[in-house]
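Protein chains in written order, with the working numbering: chain F, 1 to 149; chain C, 1001 to 1187.
Quick caveat, the hints were computed from the structure, so don't treat them as lab data. Where a beta carbon is used, it is the ideal one built from N, C-alpha and C, also for glycine. Treat each hint with caution, since some may be false.
Here are some chain F residues the structure puts well away from chain C; computed CB gaps all over 10 Å [stated by the list, open to error]:
{"id": "1", "residue": "F22"}
{"id": "2", "residue": "I81"}
{"id": "3", "residue": "L137"}
Some chain F residues near chain C, calculated using beta-carbon distances under 8 Å [said to hold, decoys possible]:
{"id": "4", "residue": "T10"}
{"id": "5", "residue": "A93"}
{"id": "6", "residue": "F95"}
{"id": "7", "residue": "K125"}
One-letter residues, chain by chain:
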Amino acid sequence: MKGMTIIVKTISSWVKVLIFIFGIYIILFGHLTPGGGFAGGVILASSYVLLMLAFGSDFVQKDLPLALDSKLDCLGAFAFIMIAILPCVFGGAFFANFLVDRYGQPFELLSAGTIPLSNIAIGLKVGASLFLVIFSLAVCRKGAELDDE
Amino acid sequence: MTIFYILLIFIVIASLIAVETTDLLSAVICVGAMGFGVSLLFLFLRAPDIAITQIVVEILGLIILIRATISRDLTFISGDKEFFATIVSVAIVFVIFLAGLRVFETLPEFGTPVFAERPDTASQTYIREGLAKTGAANVVASVILDYRAYDTLGEATVLFTSIIGATVILRRSAKRTIDTLRPVSPS
Chain F
1 MKGMTIIVKT ISSWVKVLIF IFGIYIILFG HLTPGGGFAG GVILASSYVL LMLAFGSDFV
61 QKDLPLALDS KLDCLGAFAF IMIAILPCVF GGAFFANFLV DRYGQPFELL SAGTIPLSNI
121 AIGLKVGASL FLVIFSLAVC RKGAELDDE
Chain C
1001 MTIFYILLIF IVIASLIAVE TTDLLSAVIC VGAMGFGVSL LFLFLRAPDI AITQIVVEIL
1061 GLIILIRATI SRDLTFISGD KEFFATIVSV AIVFVIFLAG LRVFETLPEF GTPVFAERPD
1121 TASQTYIREG LAKTGAANVV ASVILDYRAY DTLGEATVLF TSIIGATVIL RRSAKRTIDT
1181 LRPVSPS
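Isolated chain C (complex conformation) (with noise of 0.2 Å):
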């Protein structure tokens, strides 16, 4: 229980860090910080699938919001420093390395069904219930839109209102807009 205050503490500081700081790369930086953080919450919490999404998305946000503030303010690492740095990331990819070796070696044998062997599981429910209960015969489908039918409404949500809003930023109206707001925001 302990482990979720002291990452419950570490989000609160790295978000007021990111909130309060006056550098663009290093609020960036904090707000991947707190990311990784509530993903890892998201994993003692025993929630893997909405673990992985996050951190997922925590990377693609990190890379875009990098990619826009490292033309800002550039920050340029030069001399010793530089050394010490490729020391450091060398060292984490031998980590990372040796970590993943040790993970493949406790992978099942490719084509092994790992979950038929603990019937509580709510995929071996799906696979016998599934026909009686919902009376497709696809399982996917009985899945998708029976039982997990919140997710597809929260995928048809996302999908609706990003097209909703390419669709906005991309008309003509909207250029049109920003061209005859341009002339005055300077001044």
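Okay, chain F solo, but in the shape it has when bound (with noise of 0.2 Å):
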């Protein structure tokens, strides 16, 4: 893939900024306004759809490499696992909500205990993971090298 005409790639390279800020904004503010991990890291995912589509899938590959991606994505797991086996650690059930009282208060940003948190994770899981396999079914199409050792 080489990448389209230097129309589309200025207008998504400028553009790329605004859907990546966006997607930070619905996942930061899930537990406040309509949104949340799911719908902000496929918000995530498309800035860097439209980057693939634009210049090509080689370009992204030095941005993100996948190698980078597929950390990320066990990552998200990781963290949204680890938020539900704490709270059996600090007292309480699975998955129980033990910040809930330690900060804030509500409608304000920094409140809802793990909630926020768990935005926070499910949304670069499901953006890492989606981006991945919309980029590995581009490059296997191509039938280029994906693996990264």
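Starting from two chains that each stand alone, build the complex the way the hints lay out.
Following this line, the structure appears as structure tokens:
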């Protein structure tokens, strides 16, 4: 994939930043406004998919290597499991919201205990894994090397 | 209680036939019958959301499996049987249409809050106590990440496993392994 014309490249390099910031906003404010980890993760992945369509998959692979992407995927899954298991250690049941009274008031950005942390973990996981599957479909149709060893 | 045992015997018989039969298409149909029996069982155990999921997955799996098997052994229906099959399918569609009309008559008017009439349901509890107990202003977030976090964990696990499977299958080295195996397998 060589990429598209210079008009598409210029515009998508501007718009990509806006889409990425919007995805981060959707994830971080998931406990206050509509949205959350799944929706924000899809938006994060779509910013990189736009980059891949405009510039070609080789450019994106330099920006976000597949090894890093799969590590981010595993990190998100691991963080979500840790959020589930940590309440067992600090007293309470599996998935109990043990941070709910520790900080913040309702309707503030820093509130709601483990819910924003879970949103961040799920957003990381969904974004990385969706991008991974779209990227591997694009690369494998071309027949290029997907292994990174 | 007897309906459980009837359904259980039906499921066991269907799965035994699915394992033992030599015809691929009959095996697939028996697997489908077994899946619909399981979904009926979920419905009688008052778990309608799982029953709906089971039916949807069962229909999708049945379509894919029939599509996969139908190219392997072709079964043609011809002559009198074809006319009979057409009559039967038209009758079944008509019966389902009549049942659908009855169901639509019983539905409440659009926009009417059904569960507000019953304060002991789970959704009313989420709306009443969600903000106080979880501190999240977004009730949806408090449901999917606090009250029903197990479901979210399951979804995340399904996504993780499917992506790992897709990447492993699509890898270049997997294709290479198949290519090296191919000359060996016909002999």
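Hint check:
Every CB of chain C lies more than 10 Å from the CB of F22 (chain F), the least distance being 17 Å, so the non-interface label holds. Remark: the non-interface label on I81 (chain F) conflicts with the geometry, its nearest Cβ contact in chain C lying 8 Å away (cut-off 10 Å). Once the 10 Å rule is applied to beta carbons, L137 (chain F) is inconsistent with being away from chain C; the minimum gap is 7 Å. For T10 (chain F), the interface hint is violated, the least distance from its beta-carbon to any beta-carbon of chain C being 32 Å, above 8 Å.
Checking A93 (chain F) against chain C by beta carbon gives a least distance of about 11 Å; that is not within 8 Å, so the hint is violated. Look at F95 (chain F): its Cβ gets to within about 4 Å of chain C, closer than 8 Å, so that hint holds up. Interface hint at K125 (chain F): satisfied, since its Cβ lies 6 Å from the closest Cβ of chain C, which is below the 8 Å cut-off.
Taken one by one, the earlier hints fail for this structure at numbers 2, 3, 4, 5, listed in ascending order.
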